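Enquirer: The primary structure of each chain is shown beneath.
There are 2 protein chains.
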Amino acid sequence: MTLYYPNGQPYKEQPTQAFPGAPSGVHYGHRGMPLEEALNLTNAYYLSTDRAVIYKKPTPIQVVHVDYPARSAAKITEAYYRKASTTDYNGVYRGKYIDFEAKETGQAAALPLKNFHAHQISHISRIRRHGGIGFIIVRFTADNDIFLLDASFLEAFWQDAKHQTTRRSIPKSLFQEKGHLVPIRFSPRIDYLTVVDRLYF
Amino acid sequence: MTLYYPNGQPYKEQPTQAFPGAPSGVHYGHRGMPLEEALNLTNAYYLSTDRAVIYKKPTPIQVVHVDYPARSAAKITEAYYRKASTTDYNGVYRGKYIDFEAKETGQAAALPLKNFHAHQISHISRIRRHGGIGFIIVRFTADNDIFLLDASFLEAFWQDAKHQTTRRSIPKSLFQEKGHLVPIRFSPRIDYLTVVDRLYF
Numbered sequence: 003m004t005l006y007y008p009n010g011q012p013y014k015e016q017p018t019q020a021f022p023g024a025p026s027g028v029h030y031g032h033r034g035m036p037l038e039e040a041l042n043l044t045n046a047y048y049l050s051t052d053r054a055v056i057y058k059k060p061t062p063i064q065v066v067h068v069d070y071p072a073r074s075a076a077k078i079t080e081a082y083y084r085k086a087s088t089t090d091y092n093g094v095y096r097g098k099y100i101d102f103e104a105k106e107t108g109q110a111a112a113l114p115l116k117n118f119h120a121h122q123i124s125h126i127s128r129i130r131r132h133g134g135i136g137f138i139i140v141r142f143t144a145d146n147d148i149f150l151l152d153a154s155f156l157e158a159f160w161q162d163a164k165h166q167t168t169r170r171s172i173p174k175s176l177f178q179e180k181g182h183l184v185p186i187r188f189s190p191r192i193d194y195l196t197v198v199d200r201l202y203f
Numbered sequence: 003m004t005l006y007y008p009n010g011q012p013y014k015e016q017p018t019q020a021f022p023g024a025p026s027g028v029h030y031g032h033r034g035m036p037l038e039e040a041l042n043l044t045n046a047y048y049l050s051t052d053r054a055v056i057y058k059k060p061t062p063i064q065v066v067h068v069d070y071p072a073r074s075a076a077k078i079t080e081a082y083y084r085k086a087s088t089t090d091y092n093g094v095y096r097g098k099y100i101d102f103e104a105k106e107t108g109q110a111a112a113l114p115l116k117n118f119h120a121h122q123i124s125h126i127s128r129i130r131r132h133g134g135i136g137f138i139i140v141r142f143t144a145d146n147d148i149f150l151l152d153a154s155f156l157e158a159f160w161q162d163a164k165h166q167t168t169r170r171s172i173p174k175s176l177f178q179e180k181g182h183l184v185p186i187r188f189s190p191r192i193d194y195l196t197v198v199d200r201l202y203f
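Here the protein sequences line up with chains A and B, keeping their order.
Numbers given in our numbering equal positions in the first sequence, counted from 1, plus 2.
Numbers given in our numbering equal positions in the second sequence, counted from 1, plus 2.
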């Protein structure tokens, strides 16, 4: 069935980009909003209900040149993205330091380790050694399953990957066995703190 | 006495800018490096000696336009600084969530409250309510005294300031009575965790 706008133009579903630079022509519309956006809404909900104080860190940017067209306004005219040395999200919950990284993968059977870099693994390992809680939240976009996995598993797979050339990914079966499905709701969208409650307290 | 380089040129002390946009012609050389830089070195020291995991958050920047001159390189050509909704520094120490803001003032007798904005005060107040440790580190540049002050005092002065128009600053005497002098060393430069040990553990 073809749908029409009131002006008579036929309706065509617009492809929505999941993230800047996402392959064009791929439709993400049916799969819900990108993970980062959903987590930001979730954290805003936790903040407004006074449940936790957790933020996404700003993307690190190296500023090279700034113009001052007016007294009050600084306009950055040359800058570059830098690689983050830490994870993206941190904060405090029930008196504990919380630290995590969020990833999406289009692969149905595994999360490739190339989604992380060495600095992030060292960071999350330090966090856990100092008494913080560290985990990853991973969305498999093919079936929209979202898992929370304790960072110890990521560290173990990262260490293993150094010694072999074949498997450089975490199989989805590990998420199913050792991870925890995160409930998707209207609000909060991705209620990961219910999993954190069960797992760490 | 005039000093000379080996090549016979006379040595002249170069003025160093304390921060981008600092008034030119002002000499900061004698007063040591800017607080932010010294704290970054301190945090790097704590990290390398495995004492704590504390980072400065990247400055939030609103990116408006990005060019892709090459496949791999993204060049940001239009962007603007955004106001931070949180404090600048956070991390984990001895199992506790740590959160603080650092400020420098050229005023000899007080720290003006206009150094903070409302979002930051709400943030630090939430942090403390959820069991985190919150404080400010303030450097009085006139005599290079650096104090650590628990955030409860900042919150109290902020509340007071709403009800009066006269005093909108925290007097240095309060830092001397209720705050704690932070030792300045070669390395770590600003050893604030020794104060945190005494104050919060």
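I should point out that these hints are in silico values taken from the structure, not numbers from a laboratory.
Be aware that one or more of the hints could be misleading.
The list treats identical chains as one, so a pair stands whether inside a single copy or across any two.
Stated by the list, open to error - Each computed DMTMM-like pair below joins lysine to aspartate or glutamate, with the alpha-carbon atoms no more than 20 Å apart:
1) K85 to D152
2) K116 to D69
3) K105 to E179
4) K180 to E39
5) K59 to D90
6) K58 to D90
7) K85 to D69
8) K164 to D145
9) K116 to E106
10) K77 to E38
11) K59 to E38
12) K58 to D162
13) K116 to E38
14) K85 to D52
15) K105 to D69
16) K164 to E39
17) K58 to D193
18) K164 to E179
19) K59 to E106
20) K180 to D52
21) K116 to D199
22) K105 to D193
23) K105 to D52
24) K59 to D147
25) K164 to D90
This structure is a prediction, so every number in the text was calculated from the model and none was measured.
Enquirer: Classify it for me, K77 with E38: is the Cα-Cα distance of at most 20 Å met within a copy, between copies, both or neither?
Expert: neither (27 Å within a copy, 22 Å between copies)
Enquirer: Using 20 Å as the alpha carbon limit, work out where K58 and D162 are close: within a copy, between copies, both or neither.
Expert: Neither, since 29 Å and 32 Å both go past 20 Å.
Enquirer: Measure nothing new, just compare the shortest in-copy and cross-copy C-alpha distances for K59 and E106 to 20 Å and report within, between, both or neither.
Expert: within (18 Å within a copy, 24 Å between copies)
Enquirer: Go through the copies and call it for K116 and D199: within, between, both or neither, with a Cα cutoff of 20 Å.
Expert: neither (29 Å within a copy, 39 Å between copies)
Enquirer: First find the shortest C-alpha distance between K105 and D69 inside one copy, then the shortest across copies, and answer within, between, both or neither for a cut-off of 20 Å.
Expert: Result: close neither inside a copy nor across copies, 35 Å intra and 25 Å inter.
Enquirer: Under a CA distance limit of 20 Å, which applies to K164 and D145: within one copy, between copies, both, or neither?
Expert: Neither. Shortest intra-copy (30 Å) and inter-copy (52 Å) distances fail the 20 Å Cα cut-off.
Enquirer: Between the shortest in-copy and the shortest cross-copy C-alpha distance, which are at most 20 Å for K85 and D69: within, between, both, or neither?
Expert: Only across copies: K85 and D69 sit 18 Å apart there, 24 Å inside one copy, limit 20 Å.
Enquirer: Within a copy, between copies, both or neither: where do K180 and D52 come within 20 Å Cα-Cα?
Expert: neither (30 Å within a copy, 29 Å between copies)
Enquirer: At most 20 Å between alpha carbons: which applies to K116 and D69, within, between, both or neither?
Expert: Result: close neither inside a copy nor across copies, 37 Å intra and 25 Å inter.
Enquirer: Pop the pair K59 and D147 into one bin, within, between, both or neither, using alpha-carbon distances up to 20 Å.
Expert: Answer is neither; intra-copy 24 Å and inter-copy 31 Å both fail.
Enquirer: Using 20 Å as the alpha carbon limit, work out where K116 and E38 are close: within a copy, between copies, both or neither.
Expert: within (18 Å within a copy, 33 Å between copies)
Enquirer: Under a CA distance limit of 20 Å, which applies to K105 and D52: within one copy, between copies, both, or neither?
Expert: neither (26 Å within a copy, 27 Å between copies)
The structure does not agree with the numbered hints 1, 2, 4, 8, 10, 12, 14, 15, 16, 18, 20, 21, 23, 24, 25 stated previously, though it agrees with the rest.
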